[in-house]
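There are 2 protein chains.
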Amino acid sequence: MAELKGNKYGTHRVIEPKGVLTQAAWKVDNDMSKVYSNEIVCDVTSLNIDSASFTQIAEACGGDEKKIGEMILGIVAERGKQQNPVTGSGGMFKGVVSHIGEDLKKKPGFDLKEGDKIVSLVSLSMTPLRIDKILAIHKDIDRVDIEGKAILFESALYAKMPEDMSEPLALAALDVAGAPAQARKLPHEGDSVLILGANGKSGVLCGWEAMKKVGPKGKVVGVVRNPKQVPGLLELGVYTDVIVADCTKPVEVMEAALAANDGKEYDLSICCVNIESCEMSAILPVRDDGVVYFFSMATSFTKAALGAEGIGKDVTMIIGNGYTKNHANITLDVLRENPKLRKLFDEKYC
Amino acid sequence: MAELKGNKYGTHRVIEPKGVLTQAAWKVDNDMSKVYSNEIVCDVTSLNIDSASFTQIAEACGGDEKKIGEMILGIVAERGKQQNPVTGSGGMFKGVVSHIGEDLKKKPGFDLKEGDKIVSLVSLSMTPLRIDKILAIHKDIDRVDIEGKAILFESALYAKMPEDMSEPLALAALDVAGAPAQARKLPHEGDSVLILGANGKSGVLCGWEAMKKVGPKGKVVGVVRNPKQVPGLLELGVYTDVIVADCTKPVEVMEAALAANDGKEYDLSICCVNIESCEMSAILPVRDDGVVYFFSMATSFTKAALGAEGIGKDVTMIIGNGYTKNHANITLDVLRENPKLRKLFDEKYC
Ligand SMILES: NC(=O)c1ccc[n+]([C@@H]2O[C@H](COP(=O)([O-])OP(=O)(O)OC[C@H]3O[C@@H](n4cnc5c(N)ncnc54)[C@H](OP(=O)(O)O)[C@@H]3O)[C@@H](O)[C@H]2O)c1
Ligand SMILES: NC(=O)c1ccc[n+]([C@@H]2O[C@H](COP(=O)([O-])OP(=O)(O)OC[C@H]3O[C@@H](n4cnc5c(N)ncnc54)[C@H](OP(=O)(O)O)[C@@H]3O)[C@@H](O)[C@H]2O)c1
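Order-wise, the sequence lines are chains W and B.
Each residue of the first sequence is one higher than the one before, starting from 1 at the first, in the working numbering.
Each residue of the second sequence is one higher than the one before, starting from 1001 at the first, in the working numbering.
Treat the hints as calculated values from the structure; they're not laboratory data.
Some clues are possibly wrong.
[Claimed, not checked] Here are the simulated lysine-lysine pairs, DSS-like style, with alpha carbons at most 30 Å apart:
id: 1; chain 1: B; residue 1: K1066; chain 2: B; residue 2: K1149
id: 2; chain 1: B; residue 1: K1106; chain 2: W; residue 2: K325
id: 3; chain 1: B; residue 1: K1213; chain 2: W; residue 2: K185
id: 4; chain 1: W; residue 1: K264; chain 2: B; residue 2: K1005
id: 5; chain 1: W; residue 1: K264; chain 2: B; residue 2: K1106
id: 6; chain 1: B; residue 1: K1067; chain 2: B; residue 2: K1149
id: 7; chain 1: B; residue 1: K1264; chain 2: W; residue 2: K107
id: 8; chain 1: W; residue 1: K18; chain 2: B; residue 2: K1228
id: 9; chain 1: W; residue 1: K105; chain 2: B; residue 2: K1264
Okay, chain W solo, but in the shape it has when bound (with noise of 0.2 Å):
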């Protein structure tokens, strides 16, 4: 039977509201039995909630395991996809490619086949998912285990599981792997760069690219608020310093960040930190026509374009886009490259 057309973009799947893209649309087709020509359909074994959405739904539930897998298994039921409708965030899957439409197969460069391992690099908030059991739920490392099926459009990203390192190891970096890359692209030798949320995945990533790029001239400040992380973080070789504050107190973070600084302003803040509040802790310390890089999905749009304005600030901020070329190896040879790094991230998310 010849497979149905759909478009590249995946809006042959939107439900509501009409003419928009499928991340936008409030409800997506999860109807596994049609078959586009276009689309790969995975079997997916686990889901990493990204990590604002998870904090987010373990606090709605009081951090009940039962009433968690209640809440995903609801937001799925009622939307076709894993999109938190607080945050409005997703996350990412692992499976295994279980059908491949026949366009796509024909595509010259398409590498997949049936059976390949992979993890999707586009967010759960555009893609049809549909969940038949949750098997289990980590909440420690965001990670949900379920049986169930998920489509990936023409247009999707995913990487296919590397060979020297475990499924989890892999996965719990690529789900952070736009920050990374950033922080490779946006400093310059000599660099001051100041890192929010310095003790999370993404932070640590991002340190150790910005510390390779700014070189032994710059420097790499990290924020954390919690005293005990310092020495463990000084360890892996990620930051030149790290200091404590609190990035929901923005003359705190400031005051601390320029003493760390001697006393001079920032080129580069990268905001990791997976809580709202923080957009004044990441502009405040920069200089004029210096960047402010907002990976964290909790950060406010007008908080962050007012609060720069109120305070009369020239800097250029920047929406973390969660792709950018080539950034799943990027990610990858951190964890190659630092093996301290890898070990940590073996004990923390593994």
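Position chain B with the ligands relative to chain W; hints supplied.
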């Protein structure tokens, strides 16, 4: 009596939550009987409410002027500032300097004196404000005439009223001062630029700056939803082409935009609409490595970040900072350079 000492950024006026800056505060202290040595107190004559905020307020009040006034009074009474709790945005004010703190007066280069007519160039969302009386509501231009007082902090930005144009004209233009300055900075000669919300205030100002910058080999294409606006806009000389599409429909916008640019993707898009869910319309028509500048305050951070990732677009997305060096002069110069635009502003916004 010696005046009180305040913080450069105004944190001494924050009531709750503690430790944040005034823009992030839920409530600021608008008690004008306290006199700080680094504050400027102004008698306010009118408020230009941010377009996204005014639209929301007007809709919530079913367009009823009395109710709009009451809602604005209510917000200011509760929060000590005109910050719309739904949109998070503010606007700006026009007024007369009534008191200058003693430390500011001594500051080298300080250029204001009591009696000067100024407009604020920081957002009302972080400006302590007291409204004594609402005098008039101009629904068509988002302006509210009042009697009241406002405070500018030491770091705040303002512009003295220019001599060569009327107050309402300068106020209308300065309200969106950040946008045209960026439209001058971001494009290169020969670039193609797409402007969404092309019939709006910021749209036409951006169009003019972009036209000058891209030169005769470039293209500046405006997007409007109303076909009746096309001839008038072409007449203004601020776009090479004007196309008709609904900016909440990304596929529609992309198709029309590419058709107007010989099928090629754009180097830059500038989003100047005043409604939600236009992120993908700004992202989709832009080439890989291109730039998307979000000036619209209705932009959602997560929709932009996840949306670009979702379609695998490696674009740099910039949060529209209301401030950039020299933005007030650049904006007023547009009106000086383009008499047709000045006439339009005089008719439409004054
Ligand atoms: N833009 C994109 O495409 C994209 C893609 C994936 C993820 N993300 C976002 O990136 C962000 C970070 O992700 P992640 O996986 O790196 O998160 P993570 O591992 O949970 O790390 C977040 C860090 O922020 C720290 N933090 C929280 N509140 C703080 C405060 N008040 N002061 C100082 N530090 C604070 C946490 O410190 P503690 O250790 O003390 O808790 C933690 O170390 C999330 O918001 C996520 O949504 C964005
Ligand atoms: N970042 C900052 O610092 C800053 C500062 C000030 C203002 N702003 C923001 O900038 C934005 C624009 O301000 P403005 O004063 O230029 O607003 P404006 O004059 O009201 O213009 C908005 C334009 O968007 C158009 N539009 C609305 N929905 C549309 C749709 N679905 N498709 C196509 N066009 C559509 C409107 O078209 P119609 O003519 O058909 O209604 C209008 O021409 C606002 O969101 C405002 O909040 C940002």
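Item checked: Pairwise hint evaluation, K1228/B against K18/W, where the allowed Cα distance is 30 Å at most -> holds, 25 Å
Check: Are the Cα atoms of K264/W and K1005/B separated by 30 Å or less?
Finding: holds, 25 Å
Item checked: Pair hint outcome, K1213/B versus K185/W [Cα-Cα no greater than 30 Å] -> OK: K1213/B and K185/W at ~26 Å, within 30 Å.
Notebook entry, point to check: Are the Cα positions of K1106/B and K325/W separated by 30 Å at most?
Noted result: violated, 53 Å
Notebook entry, point to check: Does the structure keep K1066/B and K1149/B at a Cα separation of 30 Å or less?
Noted result: Roughly 21 Å between the alpha carbons, so the hint for K1066/B and K1149/B holds.
Checklist line | 30 Å limit on alpha-carbon distance, applied to hinted pair K105/W and K1264/B | finding: With Cα atoms ~27 Å apart, K105/W and K1264/B stay inside 30 Å; holds.
Note to self: Next pair to validate is K1067/B with K1149/B; report whether the Cα-Cα distance is within 30 Å.
What the structure shows: holds, 22 Å
Next item on the list: Take the C-alpha atoms of K264/W and K1106/B, compute the straight-line distance between them, and say whether it is at most 30 Å.
Entry: Roughly 26 Å separates the two Cα atoms, so the pair holds.
Note to self: Given the hinted pair K1264/B and K107/W, is their Cα-Cα distance within 30 Å?
What the structure shows: Given pair K1264/B, K107/W holds - Cα atoms ~22 Å apart, limit 30 Å.
This entry does not satisfy hint 2, going by the numbered hints stated previously; all others are met.
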